[in-house]
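Dock chains E and R against chain Y, hints included.
So the protein lines, in turn, are chains Y, E and R. Counting from 1, one number per residue, gives the positions in the first sequence under the UniProt record's numbering. Counting from 1, one number per residue, gives the positions in the second sequence under the UniProt record's numbering. Counting from 1, one number per residue, gives the positions in the third sequence under the UniProt record's numbering.
To be clear, the hints were calculated from the coordinates, so they are not data collected in a lab. All C-beta atoms in this analysis are idealised placements derived from N, C-alpha and C, irrespective of residue type, glycine included. Be aware that a few hints might be false.
[Claimed, not checked] Here chain E is said to cover these stretches of chain Y; the calculated rule only asks that three of the stretch's residues, wherever they fall, bring their Cβ under 8 Å from a Cβ of chain E:
no.	segment
1	29-36
2	41-52
3	128-140
4	207-215
5	239-252
[Claimed, not checked] Just a sample of chain R residues kept apart from chain E, beta carbon distances all over 10 Å, derived:
no.	residue
6	Thr5
7	Ala17
8	Val22
9	Leu40
10	Gly53
11	Leu66
12	Arg164
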Amino acid sequence: MSRGMLRKVTAALIIAVATAMMVGCERPEIHRDRFIAFGTIVELNIYTADRELARTAAETVQADLDYMHGAWHAWEPGAMGRTNQLLATGMEFSANPSVLPLIIEAQRLSEATEGLFNPALGQLFALWGFQSDAPQGPPPADEEIQAILDQDPTMDDVHIDGIRMRSSNTAVRLDLGAYAKGYGLHQAMEHLKELGVEHAILNAGGDLRAIGRPGNRPWRIGVRSPEAQGVIAAIETQGDEAVFTSGDYERFFMHEGERYHHILDPRTGHPARGTRSVTVIHQDAAKADVASTALFIAGADDWPRIAARLGIEKVMLIDDAGVVYMTPAMEKRVRFESEPKEQIITPLPDDSLETASVSPPA
Amino acid sequence: MITRADALVILLACGLVAGTYAWLWSPGAPATQVRVISGNEEVARLPLDEAQQLEITGPAGITVVEIADGAARCAASPGTQGICQSAGWLKRAGDMAVSLPNRVIIEVLGDETEFDSMNY
Amino acid sequence: MQIATTREDHRIAWLAALAIAVHILEAAFPSPLPGVKPGLANVITVLVLVLYGWRMAAWVTGLRVLAGSLVIGTFLSPTFWLSAAGALCSLTALGLAHRLAGRTLSPMGLCVLAALAHMLGQFLLAWWLFIPHASLLKLLPVLLTFSLIFGLVSGTMAVLMQRRLSPPA
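So here's chain Y without its partners, still in its complex pose (with noise of 0.2 Å):
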C-alpha cells in the first residue's frame, strides 16, 4: 500500500469522526454565567444552540446591569444620587429621564402598599447601613430612627409635573433597594429578548426572571429554606415569569446575640419582625420585587389585603414558627421537598383585587 492510501484512509476517518462531532455540537444547550454586578451575584441561564449569541448575551446583560446600578444607587453620583440632592433642597428641578419613569412607578407602588414600601425613607436604610456590601451595626440609637419618622419622608411628598419635580419635605430621600432590582431585571430581560434570546433565566442575588423553557421541559427553579442550607420547595416556571423572594437571611448584621436584618418597617424604623420568607411569583418582576418586600412588612395577618391590592396571586410568607401561608394559585406551583410543619391556604379577598385591577380614569 502506498504512502498516499494511508493519508487518504486516515483523512476518510478523520473526516468521519469530525462530522459526527459537528452534528453533536449542534444541540442546543444550557450556558450559565456567572458574574457581579448590581451589588450581587448574578447568574444568567442561556438555552440556545448559538454559543456567540449566549456569550454575546452574557455581556450585554453585564453593562446593563452595571449602568443601572450606577444610575440607580441611591448614594453614589449617579443620576439618582443627584436626584436626592436636589429633593433635599425642596425647589422644583428637571428629573434625570433615566430614573423619572422609576420614580413614578414607585409612587404608585407604594400607594397600593399602603407605604409599606416607603423608597422615601432612604435616610432610615443609611442610617442601618443595609445600603453596604457588608453592614456591620450595631443598631442605631432610638432617638436618631424616631428623628427620621418624625419627618416622615412618604412618597406623597415628592411631585411630579411632566419632567419638573418637587419634594415637600425636605427628609425624603429616595433608596429603591427593594425595586430596582426588579425593574432592572425586568429591562436586562427585554433587552435580551430583543438580541434573540427566547430561553434564558437571570437571576440577580436570587431573585430572578425566566422566559421560555430549556428543551421540552421547564426551568426549575429551587427556593432555598430560610432555616438552613437546603431547599425548601420547587418551582416549575411557565412562560414568562419573574420569581422573588425576601428574606431575613439574604442581608443582616448580629449584634448581641440579635439578628437585624434588612427589611426595615417604615413605622416602627426597626427590622420587620414575624416573618421569615416572602416568595412571590409574578409576571412583572418590579412588582414582584415590592410584594416579597410589602408583604414581608405586612406579615401574617396582614399579606393577603396587600396582595389583593397589588393584584398579585401567588404569595408564599413563612413566619418565624415556620408556618407556610399560601394563595391557592401558590399551592398550585410549589412542590415541597421537606413537608412544612403547618400550611395554610389562604384565599386573597376578592373584592379588593377587583379595584385594584381597575384602572384609575386618565
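Frame of chain Y; chains E and R shown alone:
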C-alpha cells in the same frame, strides 16, 4: 487476506476505542472541577481530587481557596462577616461561595444539578 | 401490469432479501446489552460493496433497513431511526474508504470501519435526540469495544465468503 490498509484501519479503530475510554472514563473528570472567578474573569479551573491552596488577590485583599478531599472551600477572605467562609465545603455541582467585597466567585462545576437556578 | 426490470434490479432484490433475513434473524435473538448486536447484515453490505460497488450497497442497505423494520414492526419507531442513522453513517464511511483506498482495503478493514461508524451514528442520534445525559456517555467506550469485536468477527466472515464467491484471479 488482510492488507496493510486493513491493519491500519484496525489499529486506528483500537486507538479510537482506547481514546474514548481515556476521554470518558477518566475518574470523574467533568463533574469534579472547581472554577474560581475574580473580577468577572475565570482565573482558575482546578480538579477537586488534588489537594492544594490558591490565593486570589482582589480589590479588598486576598481570598484563599482550599481544595482537599474532593471539596473546595473559601478558607479566608477579607469580608468582615465571613460570608464567603460560611458557605463551608463545596462538593456538589452548583455549590458556590462568594466574596462580594473581593469580587471572587468559587463554584463547583458539573452537569448534574437538580435545579436550573436558586431563589432566595 | 408489469414493470420492466433489469438484471441489476433482480440482483438488488436477491441480496436485499438475504440482508433482510439476516437482519430479522438477528433481531430475534436476545441482546445482552441494549444497542449491542453482532451486525451480521454488515457482512452483506460490505460484500456487495466489494463485488458490485457503492451504489448497489446503498440500495441493499436502504431496502434492508426499510423492509426489515416493516417486518419486525419497528417502522418509524426510535429503533428504526437508530438503525437508519447507523446505516447512513456506515454507508458514508464505507463510501469514503472505498473511494479513497480502493482495493487496498479488504472486507476485513471495511467491516471494522462499517461497524464502528454504525455504532457512532446510532449513538450520536440517541444522544442528540433522546437522552442527552452525561451517564450515557460512559456507555460509549463499551459499545465501541463491542462493535470493534463484532466488526472483526464479521470481517473474518466476509473475507471467507469473498474467497468462496470470487473465482481465483
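Hint check:
1. Note: the segment 29-36 of chain Y has 4 residues with beta-carbon separation from chain E under 8 Å; the three-residue rule is met and the coverage holds.
2. As drawn, the segment 41-52 of chain Y meets chain E at 3 residues by the rule of a beta-carbon pair under 8 Å; at three or more, the given contact holds.
3. Under the rule that three or more residues need a Cβ within less than 8 Å of chain E, the assignment of the segment 128-140 of chain Y holds, with 3 such residues.
4. Check on the segment 207-215 of chain Y: 4 of its residues sit with their Cβ under 8 Å from a Cβ of chain E, so the three-residue criterion for coverage holds.
5. Remark: the segment 239-252 of chain Y is confirmed as covered by chain E, as 6 of its residues place a Cβ nearer than 8 Å to a Cβ of that chain, reaching the required three.
6. Against chain E, the non-interface label of R:Thr5 holds: every CB pair exceeds 10 Å, the least being about 36 Å.
7. With 10 Å as the threshold on Cβ separation, the claim that R:Ala17 sits away from chain E holds: the shortest Cβ distance comes to roughly 29 Å.
8. With a cut of 10 Å on Cβ distances, R:Val22 stays outside the contact zone with chain E, its closest approach being about 23 Å.
9. Separation of R:Leu40 from chain E is adequate, the least Cβ-Cβ distance of about 18 Å exceeding the 10 Å criterion.
10. For R:Gly53, the requirement that its beta carbon stay farther than 10 Å from each beta carbon of chain E is met, with the minimum near 18 Å.
11. No beta-carbon of chain E comes within 10 Å of the beta-carbon of R:Leu66; the shortest separation is about 28 Å.
12. Here R:Arg164 stays apart from chain E, with its beta-carbon at least about 15 Å from theirs, past the 10 Å limit.
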